[in-house]
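Listed below are the residues making up each chain.
There are 2 protein chains.
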Amino acid sequence: MYSDIETKRDGGVLDPERIGRIVQGYTDGKIPDYQMSAMLMAIFIRGMNTAELTAWTRAMINSGEVLCFSGQGPYLDKHSTGGVGDKVSLPLAPVLAELGIHVPMISGRGLGHTGGTLDKLESIPGFRTDLEVPVFKRIVDESGCCIIGQTASLAPADKKLYALRDVTATVASIPLIASSILSKKAAAGISGLLMDVKVGSGAFMRAFKDARKLAETLVALGGGLGLRVKALITDMNQVLGRTAGNALEVIETIEVLKGSGPADVVALVEEFAAQMAVLAQVAETVEEGREKARLTISSGAALARFGRMVEAQGGDAGIIDDSGRLPQAPLSRVFPSRRDGFLQKEDCARIGQAVVALGGGRRRLEDKVDPAVGLVMKARLGQRLSAGQPLAMIHYRNEETLPEVEEWLKSAFVIGDEMPDVPPLIHDVL
Amino acid sequence: MYSDIETKRDGGVLDPERIGRIVQGYTDGKIPDYQMSAMLMAIFIRGMNTAELTAWTRAMINSGEVLCFSGQGPYLDKHSTGGVGDKVSLPLAPVLAELGIHVPMISGRGLGHTGGTLDKLESIPGFRTDLEVPVFKRIVDESGCCIIGQTASLAPADKKLYALRDVTATVASIPLIASSILSKKAAAGISGLLMDVKVGSGAFMRAFKDARKLAETLVALGGGLGLRVKALITDMNQVLGRTAGNALEVIETIEVLKGSGPADVVALVEEFAAQMAVLAQVAETVEEGREKARLTISSGAALARFGRMVEAQGGDAGIIDDSGRLPQAPLSRVFPSRRDGFLQKEDCARIGQAVVALGGGRRRLEDKVDPAVGLVMKARLGQRLSAGQPLAMIHYRNEETLPEVEEWLKSAFVIGDEMPDVPPLIHDVL
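First to last, the protein sequences are chains A and B. The first sequence: position 238 = 237 (numbering that gives the first Met the number 0), numbered continuously. The second sequence: position 33 = 32 (numbering that gives the first Met the number 0), numbered continuously.
For the record, the hints were derived by calculation from the structure and aren't laboratory data. Do not take every clue at face value.
Note that identical chains are pooled: a pair holds if it fits in a single copy or bridges any two copies.
Taking lysine-lysine pairs in the DSSO-like style, the calculated list, with each CA pair at most 30 angstroms apart, reads [what the hints assert, rightly or not]:
(1) Lys208 with Lys367
(2) Lys212 with Lys377
(3) Lys208 with Lys291
(4) Lys29 with Lys367
(5) Lys158 with Lys29
(6) Lys159 with Lys29
The following block holds chain A by itself, in its conformation from the complex (with noise of 0.2 angstroms):
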């Protein structure tokens, strides 16, 4: 290991071998903390090239088991790397598993400022996102799809490497963010997947130079790995849609899937249908996946395949037809803009954090969710606004949260007199 910190401290390669070694050696406990964490900031500040990351990842996926399925397939993921009010996995899988692709989601809870679709999901009473690996399986093939939370079975490695980089300041590396999100999922047994890498003021990356090299990395890094991995860059310079926060965008779910979703989700979810179709080959062209997605829709297919997917996860249906059956904020209150004027900016972050303040969100890992809270967005970037009109609606439960959430939403939103010039939906397509 010493002579391996070296190498990549001074900017060398690592053998693909050693590589292997180092990683199950960390895993297995014969690598002590002290040493990783030498190694990841030197990886951290040198980087790895597309070998060597596609040795550490394949490692990471050999630390634990591979999940195998032995139906029809394709079976396909979709993963962002985070945002606010990206509620897109949810239309986004009944959709596919209506195009023929069976979709094993494994997604992730909120933390800090982006919102999770683990969380979203269990607002709806009875929903579960602990299934075991089995019942997972079997839900993937007989509905289609499935979303569950990252097992402890499936690229152990991650878990522990991550736990270690939190504290040592070495998150925000590329290679090392692209092993952790593909390593998890090419244990989830997937042909495919399709990355949405947020750019913009909610996102982690806020410079589009950072967005597209993670992209590229990712893509280059799937092919190391045998994985076809389709790269689009989105914007995430203000919030999705119309809601942030967990029952309201599972409301705002079902609108998506009765067709009358706000334009930004509706896109978002057949664009990513449409490149996902073309790669699992149920669709030759772009164009025509977006034709079948958009029938998926408004046939009913898709709502009803999502019905299909909560019941199987012991959640209460009934909430497609009765939104009144999912947790509700006791109180609301209008968020007004202070003046006239196009609104300008988001800084979406704030907007997450007003969320957290809420208690929609959470601080850390083990904080408790609030499903029923969260914000409706009145506005959209560019738009003139007079004075004391809606910039958003809060919903709440305690007036004691209020002055924080006001707090982070006055520093949210700038309000001026030029139109501004408004960031396209999609960035990039790689």
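Since the structure of chain A is provided, determine the placement of chain B on it from the hints.
Just chain B, lined up with the frame of chain A:
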């Protein structure tokens, strides 16, 4: 700590007050190894500026006891970065004491190819280097010089940091080396230090630019700490003097003090003594210092002073007139040149490894050292040799050690037809 690691990771500058808390927190066990190793790797790659390094070193000094001498000063020390055959400290200490400079010298043991002053002195029957601090201080004030090993009470942060650096490939960092050296020296209560930075095939620094960088860093750091540091960059491309091996080097020390030492050792003793005399303001010029130093040797005063130091430290001063009282290897054998030609190059590290293979050095810190074995060198760089002419005399105890010893020596000497350029003994004075 997390944000401090981030700062250094990204090449930023750490706040001096934060540095104090980091070093103290690590010494106290409040900061775990895995965070400190990430920090050390970030420092290794990104470096530290003089203000950061001064704060880091000061915190190391303050992690333990700081000695305070109550007698008439000045109190100075000399430190070498280590080499093969470097016995200069042994004759230098009594020469300095004769010049009126007190020398509280805290030295190290040999490790790997480099020898250690303590091991050399301990070949003198009865000589003790593990004296308690009060005894050490008394001998310095009474005998003018005393040479002991590192004590646990001085700069304990260094011991803990060094152990971590040793297993995380963060040893060879110029700021970390400089802080390790100067923290221990400053804690010993001296007001000035002569640093002998070795460069060449037997030195830690093989390239002149690295040696120069370390020397500059030491001088600047000394300035920050209020410690006058003079640095000389001296040659380690051949064994210093004629001997490499513990008792053999004591014998050579006595020769130097008797006026019959080899030219290179004598030159360094005189030059160092002269520079330190100027530093301590007991001479106005280096030339005056050199003259005074020569006089301490030609008068026999330095030899007598050496005897008093040996006695004060429990050793048998009878070795001065009877080297037969020192341990002697039972066997010896010539190592000959295999061809005619000029001695063009010595790989001094390999010669040091030959001494280790004889049992005269350490592979690991816990190894015991055989004081009797070693090499007597028979040729200098640039010398013309005939095939069969001795390059060295091997003084050994066990036949079984010889194959490895000869293997090292065979690969250590380059003999060729061209007269080589011989490097100067002193490369630079800072």
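Against the structure, the hints come out as follows:
| no. | hint | result |
| --- | --- | --- |
| 1 | Lys208 with Lys367 | neither (35 angstroms within a copy, 57 angstroms between copies) |
| 2 | Lys212 with Lys377 | neither (33 angstroms within a copy, 61 angstroms between copies) |
| 3 | Lys208 with Lys291 | neither (33 angstroms within a copy, 67 angstroms between copies) |
| 4 | Lys29 with Lys367 | between (35 angstroms within a copy, 29 angstroms between copies) |
| 5 | Lys158 with Lys29 | both (16 angstroms within a copy, 24 angstroms between copies) |
| 6 | Lys159 with Lys29 | both (13 angstroms within a copy, 21 angstroms between copies) |
In summary, the numbered hints that this structure violates are 1, 2, 3.
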